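Number of protein chains: 2
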Amino acid sequence: MPSSLRVVPLGGLGEIGKNMMALEYGDDIVVIDCGVLFPEEDMPGVDLVIPDITYLLENAHRVRAILITHGHEDHTGALPYVLPRLNVPVYAPRLAHGLIRVKLLQHHLLEDSELEVVEPGYPIPLGSFEAEFFRVCHSIPDSMGILIRTPVGAVLHTGDFKIDHTPVDGMPTSLGSMAKLCEGGILLLLSDSTYAELPGYTLSERVVGEALHRVIAEAPGRVLVATFASLISRMQQVFNAAAASGRHVALVGRSMLDNVNMSIQMGYLSVADGLLVSLSEARRLEHDRVVLLTTGSQGEPTSALARIANQDHREISIIPGDTVVISATPIPGNELSVSRIIDNLFRQGARVLYDRVAFVHVHGHASAEELKLILNLTSPKYFVPVHGEHRHLLAHTALAKDVGIPGENTFVLEDGDVLEIGEDGGHVVDSVPAGHVFVERNTLWSSDSPVLRERWRLSRDGVMVVTMKVDEFTGLLADTPEIVCRGVAQPTDITGLAEKVGHAADVLLEKASIEPDVWAATKAKLDQLVGELVYKETGRRPMIVLVATEAP
Amino acid sequence: MPSSLRVVPLGGLGEIGKNMMALEYGDDIVVIDCGVLFPEEDMPGVDLVIPDITYLLENAHRVRAILITHGHEDHTGALPYVLPRLNVPVYAPRLAHGLIRVKLLQHHLLEDSELEVVEPGYPIPLGSFEAEFFRVCHSIPDSMGILIRTPVGAVLHTGDFKIDHTPVDGMPTSLGSMAKLCEGGILLLLSDSTYAELPGYTLSERVVGEALHRVIAEAPGRVLVATFASLISRMQQVFNAAAASGRHVALVGRSMLDNVNMSIQMGYLSVADGLLVSLSEARRLEHDRVVLLTTGSQGEPTSALARIANQDHREISIIPGDTVVISATPIPGNELSVSRIIDNLFRQGARVLYDRVAFVHVHGHASAEELKLILNLTSPKYFVPVHGEHRHLLAHTALAKDVGIPGENTFVLEDGDVLEIGEDGGHVVDSVPAGHVFVERNTLWSSDSPVLRERWRLSRDGVMVVTMKVDEFTGLLADTPEIVCRGVAQPTDITGLAEKVGHAADVLLEKASIEPDVWAATKAKLDQLVGELVYKETGRRPMIVLVATEAP
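Those protein sequence lines, which keep their order, are chains A and B.
Residues in the first sequence are numbered from 2 upward in steps of one, following this note's numbering.
Residues in the second sequence are numbered from 2 upward in steps of one, following this note's numbering.
Think of the hints as simulated: they come from the structure by calculation, not from any bench.
Quantities reported herein were computed from a predicted structural model and do not represent experimental measurements.
Possibly wrong hints are sitting among the right ones.
Since the list gives no way to pick one copy over another, a pair counts as held whenever it fits inside one copy or between any two copies.
As the list claims (entries may be wrong) - 30 Å max Cα-Cα, derived DSSO-like pairs, lysine-lysine:
(1) K470 / K382
(2) K526 / K373
(3) K512 / K470
(4) K104 / K537
(5) K524 / K512
(6) K526 / K537
(7) K104 / K512
(8) K524 / K501
(9) K470 / K501
(10) K524 / K470
Please model the complete structure; the sequences and the hints are all you need to start from.
In structure tokens, the structure reads:
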């Protein structure tokens, strides 16, 4: 029985400890978070990316629970894919719990799942572990960090957090509670590195509230505000600003409606009676009495804002004089989509305010000074920066060094690394499978499948389907091959190309055999021949699919 | 004969007046710039995007010249595709002239082209126009603006510019010359809107020079600096900083070598004897005596820096202790590539400095205060913001309004708009063809071709080639169809799918005819049937290519 604590980040696609983190001691494993990643540009057709949980499945009998820090998709979204194979209790703070319930219901998994609400301050026994949640501020209410007591010492995981002294929901990051939890000493700190590169402090949500108040009060016509459907504090600020200006608010977009309704029911949003109206009611009001709250702040093509920008939304068109506020910063990769939407909104006569020109968004993660505050408050023996790309983790270790944590006690891990902390210190001792898996509709497929490479090639060069009929008597072609192209920037002369292919094929077939037992080899040679000929004639390498029929 | 001046932006893919601008008076047309755009993410497989010059071809007999403001690709890159069809004289400043010569040589067009060097201050008669170039600062030496005298009044085009009082080449934007040119009054100003959104002034190149000096002097090991191969002033700063620290410089990447050689020959770069060494010589030096100057600052996958980051460069590997400076800001769309490169360099033990964390780049376009300076200096009657996306043009018009140019004399144009300025003021009177054309290897294809849509679909859902053999006697299938997939996230059971397709096809074939004259219609129905069945079984819509053989 090992007397060491093992820390294993899983499945973060390089942003370790973002989506899933495992802690092990003896016979017990607890998992922190269970999220998805959204596919990047070079993963076309993929809907979601989830962690590869091979390691957990191999140790399924030891997994005690999944602990969820907050309700964002990159911390909860993989549960519907993981729970059917690893049915363990899930502990989540109230809002996350509500969002997860909805998700499991949609996947018909709710009945078989064990889903518990956690309140901060109540210890949860989990084998040799004990978990206690504490409040932090983030861009979704009810975000938590977790203290996990282990026989080796206490582990403090910050969750995703910032230190906001004037948060909209009135519940600041609970530094007092954290200090109390740290009284016994912290063995290991796992802290959010997203903005470790940025000096100073992250601004408070209140700043955006003030900006929104001004914009909504002064707008000559309608105001459309686009924001994340989970950014509930931003919605509260929009509601407050609208009410202060005597405007009504209509919600646009399914997820916006669902989230607002749930948040009101659960008490996370407070809305004056009569403030919210339906879209059709809003259309009957004076323009300067209307705020529309919509999805699409990341330029998502199917979102309401994108469709409005493309003049493709069944119910809403831009009216010159509209003010559009894009209350978000584009996540890297989304900049082009958002730029195009902004341009198209301007073209239709809207005035558009976005982060580059107005103070309409602050993000939900700590900057360097806040991270140093946490490092000092917890004063951990060991430090593992999490929730960041490699350069963010490195920036965070520089902060740790600044506050005096020795370099040999700081570990920059990759997914699958096993960090062991015991009597003789901390060392990375092993490496376990920790890749990722693609989700596409109902199919899960491994990231080492050739499918992505094929799609990439198809997208650049298209496909050529070459149909050849081999005459079973002569062993040569019965006819000129037919070529069908898709996604190929047509060379001037497909017929000429087909004839060349036919001649070259006949030359090969004269020497090759079409006997059934060697036909596969012959076909492979034909395939290669066609590819080389196409490249020679066109300079491109479309994927070639050779259909050769009537082989005896 | 019209007595109006006509202004027609062409082919900017929404960034009007970036790549090509036409000015017309009576029988004369002059064209300003002739550039390419680089393809965006949703244009896979496309090499370049060039303006559609239909309008110019229809009026070829009136085109007097193409005037080039500076040597960047987005102002010169389309010349090899335009000149064969519109062989008119090209006037360019010296460095651009040199770069264009190389380009035309590569395309075997130099002999038939008329390519002239222009010096600032010498008027060039072009029909009813007269063009005079003047110096501006930009991120490539020898950048010019152009004053064009017309019978209606003078047009001033800024080219791409910033106002840098301490430029590396010692040639500031020539405000004195500009003032002199404006003495007769400026009818129309066309000014660079790229950074109209940004308040204040753009920093001088000198700031980067100082940062580079410090970084290169203090680096413990080798320094690799990645920058644009055309950013010659940056190269000069790297050479200066290397020399000051007693380091040698080796060049990495074909375009870096070519550009440096040309710039030295033409006198745009001054290099102390012995400063430059070959890569193999550099490898024999002490690490703290080496600077490597390389391409790849935009994350281009085939660039030297990308290959070094991927451990794929034949001659250079990262040595822990290396300092890498990415002396550029990612162009929108390139952020992910650059992030990955940074992370991979860090992983190999390099220390990486990039714009987010260090002062290692300034851009080459004017910010708001400089743009207002130009607006006041020129005091134009009419104003057309150019070289920006729609929101940039709008931001620039706000600046024009601030300095007192009436809104009705300011025009935000789209490609193809014809702005007419005459005795009765300025109006957009017409619209001409002004789209864009894709270049792929040696093929030019129209942007309304279905190829891009096909590629997009192939990249998301792949292709299924379904081969059916129809028995000419029974009119039904002779065998179960064969299905070959590429880029399809495999459904569990291809064989089962093939059988279902076969059955459904037989049902259709029983009722349909396979007579030759209606076979096409039957085949179309089969195609549709297969698509619907595949969607029903898999939830995906791969491109279906149906090969149906032995139809009588």
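Hint check against the structure, violated hint numbers in rising order: Hints 1, 2, 7 contradicted; others consistent.
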